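**Student:** Start from the sequences and build out the full structure, keeping to the hints where you can.
Chains as they are written, first to last, in our numbering: chain E, 1 to 252; chain V, 1 to 211.
Please note that the accuracy of each hint is not assured.
Unchecked claim - From the structure, some residues in chain V lie toward chain E, with a derived Cβ separation under 7 Å: (1) His14; (2) Val53; (3) Gly54; (4) Gly57; (5) Glu67; (6) Lys124; (7) Met128.
What the hints assert, rightly or not - Partial chain V-side listing against chain E, Cβ under 7 Å, derived: (8) Ser15; (9) Ala19; (10) Ile125; (11) Trp130; (12) Asn131; (13) Val153.
Honestly, the hints are just simulated from the structure, not real lab data. Only a predicted model underlies this, so the values are computations on that prediction, with no experimental measurement involved. Beta carbons: idealized from backbone N, C-alpha and C, even for Gly.
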Amino acid sequence: MLKKRIIPCLDVDNGRVVKGVNFIDLVDAGDPVEQAIIYNAEGADELCFLDITASSDNRDTLLEVVKKTAENCFIPLTVGGGVRNLEDISRLLHFGADKVSINTAAVDNIDLVAEAAKKYGSSTIVIAVDAKETAENQWKVFTHGGRKETNIDVVTYCNEVAKLGAGEILLTSMDRDGTKSGFDNKLLKAVTSKVNVPVIASGGVGNLSHLLDGILEGEASALLAASIFHFGEYSIGEVKRYLADNNIPVRI
Amino acid sequence: MNLAIINFGSGNLHSVHKAFESVSSDLSNPYNIIVTNDPKEIQSADKIVLPGVGAFGDCKNAILNIEGLHASLEVSVIKNKVPFMGICVGMQLLADLSYEFGTHSGFGWIPGEVRRITSPKEYKIPHMGWNEITFSDHKLFDNCEQGSDFYFVHSFYFQNQKSEHSIATTKYPDQITAAVCKENICGTQFHPEKSHINGKKIIHNFLDWKP
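**Tutor:** Below you can see the structure in the form of structure tokens.
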């Protein structure tokens, strides 16, 4: 049976992990490569790096991180943040990313989704969607790291990018992100019930039952979390055992 | 010993290269691993790996567009029986034809066709993530446990004409081919280079394989 995937996500700024960490055996707590290696050993199903480096001049710092991670972690690695065009995708893949996530650039130029999927394969292209509830059961796409509202309906948009060749959708609830109050499962369900590609749930995880709800209520194919892992609240192993105890198929 | 990873511009070259290098470096006689599209280097290789992501037709055309590449593969793999491993689309290319975005002919090294996975709505396409396999007795699966998980990502699958060429299957929701083998030619639908410890076992077994 296909397993539900657990994906730890690291925010990387100028080649350094942004959020604090408490792993005792880390030589350098701010080194994303070291953290990736630990997550890999703990049984993460995939890894995700989100580059939040403000200046595009400093983006190359991420490439070295991607390269070293790919040399040490033999699980899929998704990299996103500031991906604007085919050249950006090509560079990340060349340095060892397995998938590249595109956010604002796909909204600005929807043709990029089809071009990227055709050139690199659907399996390589993740479309990241930042969603905010603007009226009851209505979600709009936001861009530029959530600062800019568009008039685009999330469900319609997800359907469109899936048809154009996106291999999966990374769906972040801006209402829930950072709140630790659980995924927006209504949003997740609205998308997973209409869109035929896998959906990764993101934004709001605070405890183990939130993860279970994302699968049972939101029907997500994969769960992405940052802070619950970074701050050592739960290990990947604990998450997986909890889900397995609740009859969710996971890779242990 | 030389191992050639065929470079026709496929996106996952780096991952495949690093995984093979990592496994090979633990051997008593590590392979000299080269990433190449040079027919001469390919013909002097003792093992050949063909990775592939993207659409079947695009991969096939990319190979045909590199002068002498397809011919050198035919000489090495078919005439000289050099052990060969295809990964994902690199495995699907072994088929007679594929129906992905039109109809395209493959290498025709293992009889069968590449068809779209048909599944009820709750089964998302692509088939993406870790899924367990059931395998038959084959060197490629030495030291692997039945039901081990491997990383898959694909929307099309290899329907073998002869069941003996399918050496492993997975379920999504029907039984689909997870690995193939015919004489010196093998291939996996899953990505050993992304399948953590289980994947490394497959790579190790391929490096050890003497068909």
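**Student:** Under the criterion of a CB-CB separation shorter than 7 Å, is Glu67 (chain V) in contact with chain E as hinted?
**Tutor:** With Cβ-Cβ at 22 Å, over 7 Å, it is violated.
**Student:** Does the closest beta carbon of chain E sit nearer than 7 Å to the beta carbon of Ala19 (chain V)?
**Tutor:** 5 Å, holds
**Student:** Per the CB criterion, is Asn131 (chain V) less than 7 Å away from chain E?
**Tutor:** The hint holds - Asn131 (chain V) has a Cβ within 7 Å of chain E, the shortest such distance being about 5 Å.
**Student:** Let me know if the C-beta of Ile125 (chain V) comes in closer than 7 Å to any C-beta of chain E, holds or violated.
**Tutor:** 6 Å, holds
**Student:** Holds or violated: is the Cβ of Trp130 (chain V) closer than 7 Å to a Cβ in chain E?
**Tutor:** At 4 Å from the nearest chain E Cβ, Trp130 (chain V) passes the 7 Å test, so the hint holds.
**Student:** Less than 7 Å between beta-carbons is the criterion; does Val53 (chain V) satisfy it with respect to chain E?
**Tutor:** With a closest approach of 4 Å, the Val53 (chain V) hint holds.
**Student:** Less than 7 Å between beta-carbons is the criterion; does Ser15 (chain V) satisfy it with respect to chain E?
**Tutor:** 6 Å, holds
**Student:** Quick check on the hint: Gly54 (chain V) CB to chain E CB, less than 7 Å?
**Tutor:** 4 Å, holds
**Student:** Is the shortest C-beta separation between Val153 (chain V) and chain E less than 7 Å?
**Tutor:** 4 Å, holds
**Student:** Double-check His14 (chain V) for me: the hint is only fine if its C-beta lies closer than 7 Å to a C-beta in chain E.
**Tutor:** Holds: closest Cβ of chain E sits about 5 Å from His14 (chain V), inside 7 Å.
**Student:** Min Cβ distance, Met128 (chain V) to chain E: is it shorter than 7 Å?
**Tutor:** 5 Å, holds
**Student:** Just to be careful: measuring from the Cβ of Lys124 (chain V) to every Cβ in chain E, is the smallest value less than 7 Å?
**Tutor:** 5 Å, holds
When the structure is compared with the earlier hints, violations turn up for hints 4, 5 and for no others.
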